[in-house]
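> Here's the letter readout for the chains.
There are 2 protein chains.
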Amino acid sequence: MNEQKKIGLFGFGTVGQGFYENLKKHTHLSAVIAKVCVRRIDLPRIGHELYFTDNPDELLLDPEIDIIIELIDDAVAAKQYVHTALREGKSVISANKKMIGESLKEIDEWHTRYDATFLYEAAVGGGIPIVHAVDGFFRDQEVLKIRGILNGSSNYILTQMQQNQWSFEQALIDAQAKGFAEQNPTLDISGVDASYKLSILAYHAFGEVPSLSSFSAESIENVTKELIKKAKTKGKKIKPIATIEIVDGKIVCTVKPQLVSPNDELFSVDFENNAISVETLISGKHTAAGKGAGSLPTGSAVIEDLKRLLSGYSYQVSKSKKTVA
Amino acid sequence: MNEQKKIGLFGFGTVGQGFYENLKKHTHLSAVIAKVCVRRIDLPRIGHELYFTDNPDELLLDPEIDIIIELIDDAVAAKQYVHTALREGKSVISANKKMIGESLKEIDEWHTRYDATFLYEAAVGGGIPIVHAVDGFFRDQEVLKIRGILNGSSNYILTQMQQNQWSFEQALIDAQAKGFAEQNPTLDISGVDASYKLSILAYHAFGEVPSLSSFSAESIENVTKELIKKAKTKGKKIKPIATIEIVDGKIVCTVKPQLVSPNDELFSVDFENNAISVETLISGKHTAAGKGAGSLPTGSAVIEDLKRLLSGYSYQVSKSKKTVA
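Chains as they are written, first to last, in the numbering used here: chain A, 1 to 325; chain B, 1 to 325.
If you are wondering where the hints come from, they were derived from the structure by calculation, not from laboratory data.
Check the hints yourself; a few may be wrong.
One copy or two, it doesn't matter: identical chains are merged, so the pair holds either way.
In the EDC-like style, the derived pairs of lysine to aspartate or glutamate whose C-alpha atoms are separated by at most 20 Å in a straight line are [said to hold, decoys possible]: (1) Lys98 to Asp108; (2) Lys229 to Asp62; (3) Lys25 to Glu142; (4) Lys285 to Glu304; (5) Lys307 to Glu142; (6) Lys225 to Glu3; (7) Lys24 to Glu142; (8) Lys234 to Glu64; (9) Lys256 to Glu226; (10) Lys307 to Asp140; (11) Lys225 to Glu169; (12) Lys25 to Glu279; (13) Lys230 to Asp57; (14) Lys232 to Asp264; (15) Lys5 to Asp174; (16) Lys25 to Asp140; (17) Lys105 to Glu279; (18) Lys105 to Asp57; (19) Lys79 to Glu102; (20) Lys236 to Glu88; (21) Lys24 to Asp140; (22) Lys285 to Asp264; (23) Lys236 to Asp270; (24) Lys234 to Asp264.
Whenever a hint applies, use it, and build me the whole structure from the sequences.
Below is the structure:
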């Protein structure tokens, strides 16, 4: 059990470096970074003891490497690396919500076809272990509803607009400066980013990939100063709420700015924080909240996946399919 | 890996029966109830296929039994059963917060001395997996503060007094009728029950058993109609708040009714719900909320412990001590 597993790491940006620094502190984990694949091999790098390459195959086809951790931006390349790695029998961890959210049909196939484990906790809810929780519920009890704040940038912008009367533009620039929003913020603001995360949760809660037609998303740009004033007068807040419900037997996913009252568990979730509340038939409503955006929560979620992977855990959703087949 | 582990179950009251019913639904778990020890063997029992006895040794000294699950009221007997089982090399799950909260010094010794695993998620926070979470944080990052609502009955009573203007007595009788408060409610109301839970969390967060002198508890009976009226005027609520802080390098544990404002993550936690918020140095504040009292959340926490046990998990707090020794 105590042999060191060898990690091939794709990407050495903020999240990749955060993971590298974080892993150094987890001296009890029997895993070590063997190779790092980066796009720009010519750039100066921290982590001089690491082996850097710009050739993906050096990681993907190396039989010595047991685990691929994919932390790059490019969703198309990420998908190709993950698929190759799984086909090669390697276990994989990814944080790529866009790639995973868009490729759930294939991922469902991969979970069933390959014996290698594929985990992606960091793709949803930052430091909140929600994919793991929902995946467990799917196996053990009926999920009735999932509702939460899944996009840290939208929540940060709306919080600043309401608490400090900032304009949308001012809040967006600040969110970008703090690393909570992408340089191209369209996915965050429009609700598409939260929709990716909803579809991942829906898949793990219900075992099926929701169809695109089941989604509706509304941009937070529709939130005007007048709406904010009205909300304040009533003692309420406007929050970017993402919801999965079953309506007439069908999964319905909605992302839109909504009025929230003080007795709502999402009322106190401000700034870049995320929160998710899962209602189950047997054990009622569970809510979890924590930092949703930023490199530390994401890096910490990757470490948690690595721990699960090393302890032999894989998602239940795939296991039940394998049992059925 | 697929051999069936044999469970010896102590207690067949609400929680014990809840566990039995719940386990039947988890057909994929490789564990089966072999024997049940009850105080009154003469009472009619559901679960006719089960083997009942009133002799504890039939479970504790049976080499065929791998796992003891202790779900009885009597804290003194519970402690003896748990200790004997661990000494006999059996793994143990308990939900007995009084026994565990009062015996942490011995439990710390047991964790270090015996190789058998001892888990007790159900003793704190009902269905919220907080012992597991805090125990993981202890190993991996510095915990700064723990704050929450850890007693479902107190919260239920205070909620009814505030939302529906009930008297303390009326709310207490209702809580008892609904199974959220014990027939002798002193431990719940006085804050002693929450103190047991705090000390369990403090032990797992910091690796040491807090001294009795570090505790202060104030009863919710001190909450008058005048205080409630004042809180309401300010848009606040009075909640039974339990806190662990490090003051001058010492663990300080407090349980008392406190004013909470709408922006506080505990404001929306009403009725029998519990919530716990853990602040860590690295990954910020994590909050989890869910049903805190009742047989279903407790039964579900016992099942979660059983899953962890079967997957080879044991508390980190003991492992780090073993490494040091």
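> 20 Å Cα cut-off: does lysine 232 pair with aspartate 264 within a copy, between copies, both or neither?
This pair counts as both: shortest intra-copy Cα distance 15 Å, inter-copy 17 Å.
> Taking 20 Å as the upper bound on the Cα-Cα distance, should lysine 229 and aspartate 62 be classified as within, between, both, or neither?
Neither, since 59 Å and 69 Å both go past 20 Å.
> For the identical chains here, do lysine 285 and glutamate 304 meet the 20 Å Cα criterion within one copy, between copies, both, or neither?
Between. Shortest inter-copy distance 17 Å satisfies the 20 Å Cα cut-off; intra-copy 24 Å does not.
> Regarding lysine 225 and glutamate 3, is the shortest C-alpha distance of 20 Å or less found within a copy, between copies, in both, or in neither?
Neither: 59 Å inside a copy, 63 Å across copies.
> Up to 20 Å between alpha-carbons, please classify lysine 98 paired with aspartate 108: within, between, both or neither.
Within one copy, since 16 Å is at most 20 Å while 45 Å is not.
> Is it within, between, both or neither when you check lysine 25 against glutamate 142 at 20 Å Cα-Cα?
Intra 38 Å, inter 12 Å, cutoff 20 Å: inter-copy only.
> Treating 20 Å as the Cα threshold, decide for lysine 234 and aspartate 264: within, between, both or neither.
This pair counts as both: shortest intra-copy Cα distance 14 Å, inter-copy 18 Å.
> Please work out whether the CA atoms of lysine 24 and glutamate 142 approach to 20 Å or closer within one copy, between two copies, in both situations, or in neither?
Between. Shortest inter-copy distance 15 Å satisfies the 20 Å Cα cut-off; intra-copy 39 Å does not.
> One pair to classify: lysine 25 and aspartate 140, alpha carbons no more than 20 Å apart. Within, between, both, or neither?
For lysine 25 and aspartate 140, only the inter-copy Cα distance (8 Å) is at most 20 Å; the intra-copy one is 34 Å.
> How would you classify lysine 24 and aspartate 140 at a CA-CA limit of 20 Å: within, between, both, or neither?
between (35 Å within a copy, 11 Å between copies)
> Treating 20 Å as the Cα threshold, decide for lysine 236 and glutamate 88: within, between, both or neither.
neither (52 Å within a copy, 58 Å between copies)
> Is it within, between, both or neither when you check lysine 307 against aspartate 140 at 20 Å Cα-Cα?
between (22 Å within a copy, 11 Å between copies)
Violation of the numbered hints given earlier is confined to hints 2, 6, 8, 13, 15, 17, 18, 20; the remaining hints are satisfied by the structure.
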